[in-house]
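Throw the hints in and build the complete structure from the sequences for me.
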Amino acid sequence: MADESYTDRTIWLPSLYQEQWEPMVRLAVLLLGGPGATTAAEEIVRDAMVTMYRRDPTLHSWPHAVGYLRASVVNGVRAAVRRRDDAEPGQPVLMAQADEDALTAGADGDGSGADGQEAGGVARGIQVLTALRTLPRRQQEVLILRFYAQASTPDIAEALGITYGAVRSRTERGLAGLAAALDESGERQ
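Going by the working numbering, the residue at position 31 of the sequence shown is 42; the numbering climbs one at a time, nothing skipped.
These are calculated hints, taken from the structure and not from any lab test. Check the hints yourself; a few may be wrong.
Simulated DEER-style distance windows between Cβ atoms [claimed, not checked]: (1) L186 to N86: 23 to 29 Å; (2) T21 to E183: 41 to 47 Å; (3) Y64 to R149: 25 to 31 Å; (4) R57 to T164: 24 to 30 Å; (5) R179 to D67: 32 to 38 Å; (6) Y64 to L186: 21 to 27 Å; (7) S72 to I137: 33 to 39 Å; (8) D96 to D194: 15 to 21 Å; (9) Y28 to A191: 37 to 43 Å; (10) Y64 to E195: 42 to 48 Å.
In this text, a Cβ means the ideal position worked out from N, Cα and C, and glycines have one as well.
Written as structure tokens, this is what we have:
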């Protein structure tokens with residue numbers, strides 16, 4: 012998209028929807044976890060896009076538009092998690108079918124592989140997600156944004172509303188906790 016098109020939401024919003032709907036829904040599913048995550052994730056992403064349309068933010072570039080949407084999705088997930096935790100205090104977030112669905116949706120969209128490598132990768136991903144769910148929520152958010160969304164430290168800091176140093180420390184602590192959880196379960200390779 013040309014830079015001048017960012018002043019007209021009738022141009023950038025459809026492009027943003029077409030290119031970012033699925034990645035943002037998968038991101039929200041991974042951040043939400045738990046039963047019913049796919050439906051809730053779709054609602055969160057839809058609401059974020061509707062909010063972007065209504066507010067018509069001043070966007071400078073495509074990465075700025077994607078970053079704005081990512082931050083809106085993360086904030087929507089946080090609000091949904093708070094509502095869920097208020098309704099069901101003390102309930103642990105368990106590995107859900109939605110987590111598996113997010114893993115099996117590969118770049119080609121169908122999750123199929125030519126050989127057994129795809130199944131092994133999905134099984135490994137499920138092990139990592141199960142271990143990830145044992146970490147504090149803030150560490151989960153940083154690791155998911157870093158390794159799933161491929162977000163940079165500044166992008167993560169902006170999306171979560173924290174400092175670069177907080178991103179780094181949560182990443183380090185999260186990776187250490189993830190390694191310990193995988194070692195404990197005998198799944199680390």
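These are the hints, each one checked on the structure:
1. L186 to N86: 23 to 29 Å: Since L186 and N86 have Cβ atoms about 24 Å apart, the given range 23 to 29 Å holds.
2. T21 to E183: 41 to 47 Å: Because 43 Å falls inside the window, the suggested range holds.
3. Y64 to R149: 25 to 31 Å: With Cβ atoms ~30 Å apart, the hint holds.
4. R57 to T164: 24 to 30 Å: 29 Å, holds
5. R179 to D67: 32 to 38 Å: 34 Å, holds
6. Y64 to L186: 21 to 27 Å: With a Cβ separation near 37 Å, Y64 and L186 fall outside 21 to 27 Å, so the hint is violated.
7. S72 to I137: 33 to 39 Å: 36 Å, holds
8. D96 to D194: 15 to 21 Å: 28 Å, violated
9. Y28 to A191: 37 to 43 Å: About 40 Å separates the Cβ atoms of Y28 and A191, which means 37 to 43 Å holds.
10. Y64 to E195: 42 to 48 Å: 46 Å, holds
Comparing the model with each numbered hint stated earlier shows that hints 6, 8 do not hold.
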